[in-house]
Amino acid sequence: MATEILMPALSPTMEEGTLAKWLVKEGDTVVSGDIMAEIETDKATMEFEAVDEGVIGKILIAEGTEGVKVNTAIAVLLEEGESADDISAAPAEKAAPAAAAAEAPAPTAPAKAAAPAAPKPDLSPDWPEGTETKKQTVREALNTAMAEEMRRREDVFIMGEEVAEYQGAYKITQNLLEEFGKKRVIDTPITEHGFAGIGVGAALGGLRPIIEFMTWNFAMQAIDQIINSAAKTLYMSGGQMGCPIVFRGPNGAAARVGAQHSQDYAAWYAQIPGLKVVQPYSASDAKGLLKSAIRDPNPVIFLENEILYGRSFDVPVMDDFTVPFGKARVWREGTDVTIVSFGIGMTYALEAAEKLAEDGIDAEVIDLRTLRPIDYDTVIASVMKTNRCVTVEEGWPVASIGNHISATLMQRAFDYLDAPVINCTGKDVPMPYAANLEKLALTSTAEVVDAVRQVTYR
Amino acid sequence: MAARKTTSKSNASAEELKAFYHDMLLIRRFEEKAGQLYGMGLIGGFCHLYIGQEAVVVGLEAAAKDGDKRITTYRDHGHMLACGMDPNGVMAELTGREGGYSRGKGGSMHMFSTEKHFYGGHGIVGANVPLGAGLAFSDKYKGNDNVTFTYFGDGAANQGQVYETFNMAALWDLPVIFVIENNQYAMGTSQQRSTSSPDIYHRGEAFGIPGEMVDGMDVLAVRDAGQKAVDHCRAGKGPYILEIKTYRYRGHSMSDPAKYRTREEVQKMRDEKDAIEHVRDLLLTGKHATEEDLKAIDKEIKKVVNASAEFAKESPEPDPKELWTDIYTDIAPQNA
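Chains A and B are the protein sequences, given in the same order. Under my numbering, the first residue of the first sequence carries the number 1125, and numbering increases by one thereafter. Under my numbering, the first residue of the second sequence carries the number 166, and numbering increases by one thereafter.
The calculated lysine to aspartate or glutamate pairs, modelled on EDC-like cross-linking and capped at a C-alpha distance of 20 Å, are:
no.	chain 1	residue 1	chain 2	residue 2
1	A	K1306	B	D338
2	B	K460	B	D446
3	B	K424	A	D1158
4	B	K460	A	E1177
Some chain A residues flagged as far from chain B (calculated, every beta-carbon gap over 12 Å):
no.	residue
5	P1243
6	E1302
7	I1431
8	F1437
9	K1451
10	V1454
11	E1457
12	W1520
13	T1532
14	E1571
To give an idea of the interface, some chain B residues facing chain A are shown, with a C-beta separation under 7 Å as derived from the structure:
no.	residue
15	I289
16	L300
17	I492
Worth flagging that the hints you see were computed from the coordinates, not collected in a lab. We treat Cβ as the ideally placed atom computed from N, Cα and C, and that holds for glycine.
Using the sequences and the accompanying hints, generate a full structural model.
In structure tokens, the structure reads:
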């Protein structure tokens, strides 16, 4: 059957082009791969090859013609035994349904004029009342969480720099080598990009890796594997291939380690669909959230803090204590203002609340705990009660978690706000080394107190 | 067709040769059809055709056994067909339709099949190399004897993470075969202009990884080299490098005018080195098949390819609700 040869699209954006030159003439026999014509696109002159074999029956568009639309018939190809007379019978190939996308119903605009949904916060306690607790450091809590999960599942292993024989650069993996052996507690060379990728591959292969970065600063070498490989594969594979992996390590400023070792990645990773992002403050959260992270079938970013490692908190004595993602914790109830924070920012938030209480300002303090998913409902319900909000984090101010909370409050609780939301953040500078400058670059309890005074007009 | 000097004496059976002919021709005809659908606007974005390189994947798949894994970069259609993925599902993914392997959400560069142990289809040059070593790590951890074929190009061979991976793969004896498909052009940059030493297979020496160069236009040579590499890996001796010299006839992607090489260079490869013509010669001169037999294979492939194109056109676009699915899973994946 005679077929029409159509003007091809030769780039992702080409709509029309110039038929610069015919390299075949009517009556020529062509086979697959033969170059038939030269076509000029907006970017280049391209050679146009034959796909089917046959005889050029008729050339419909003369060479030199400009503005030939994609999918216009430019020639007719005859099969063996056909003559040019059959051409009129040639069926026109249906043009590409390029317009199909346009016909799809437009997605509904988000939150279109509809009344914002009423928040439904889950304020249940993390462990049953009356449960025995003991003091544990964040370091011990993280260590116990990993050991418990490694006992629970054979396919959980930990890999990173100095995690095994050195017992962890920050001693988070202490004694794990002894208990689980070198098959499951693996020292890597200093090669973040490489071992992050090997970890993702192992997860795609059905294991449950915990990848420790000595600090999150070094994970920037590996960020392509975290985002392009770990976060996106489930989606790109149409749900076939999940990546159950935990990337963990200390994040944010430690003390006097300068610009390249002091950065909070909360907002960076919280932006990525496909990742879950956790930043615990207390030891019980460190333990319960890390156990949840290791069990989660999705890639989890677990942002710890070196300064918090040595702090002690109450941890419940339970056989299997976990904390779910997407559930904030209200550390302190109050009526005058809502302070929202996470990670080490909670230190400033809680200290500020104490100071404010001395002056009769009653602050409610919320620890987000996970930044993806975020527990919006607990924050919104609180702000509907207090009508004022201050956010606290150590990261930079532009496109911060505080910015996102502020925008969400505008959309879902606009009528409840009696003052603009203030974001207390790290300053918009690389971290300096000098002790006095470093202090200035971080946010502080005094700044939080000051912000609360501004939003409460007191 | 210009006669090609048949250098390798065939030690393959008629059945094996016919299977090679079939599998390579399927890839070529499929790719030609994909190019045509791209020209019609049915396939969008980037589309990288495998035409010319067919012997690489077909030869190596002959050395694979059930449970072996494979992962590659974005010139991936041939790899998927060679490991037995359904042409309909691949073509429908190219057109971004519901019937595609990723239900239209991956496209040409991002396709996967847990069933066939095909782990992509990766858009970032070099990034699949540590992933492949990680897949091999998972097999070693589980204690089976599967291997992972990790394909990348001469261009990717200059990425730093490749050498990070060589180091760890050798250190931990991972059962991974690094297959460097050297088609001599990293997009538009020839190997001479991008690579300080021409023999990429030597680059494992610094890590103690054995490597060899293979004629990638000779499917039997590829099969034999593949078997050797697979035996090495299965025996627990660690990684192996195969630098397979091949040639892509088409541009880097559909929108590449390929001005960095002459038309004569391409034509010479097609006339003198074509891998499919090579096997065709072996079949005919060895009296393993008649012209008629081969015509029947051609016809059957044409039917399969045309059916895949029809399927890919008829399959509906994904439901708008699909925008919001597969971002997270509640189910522990069964990837292994």
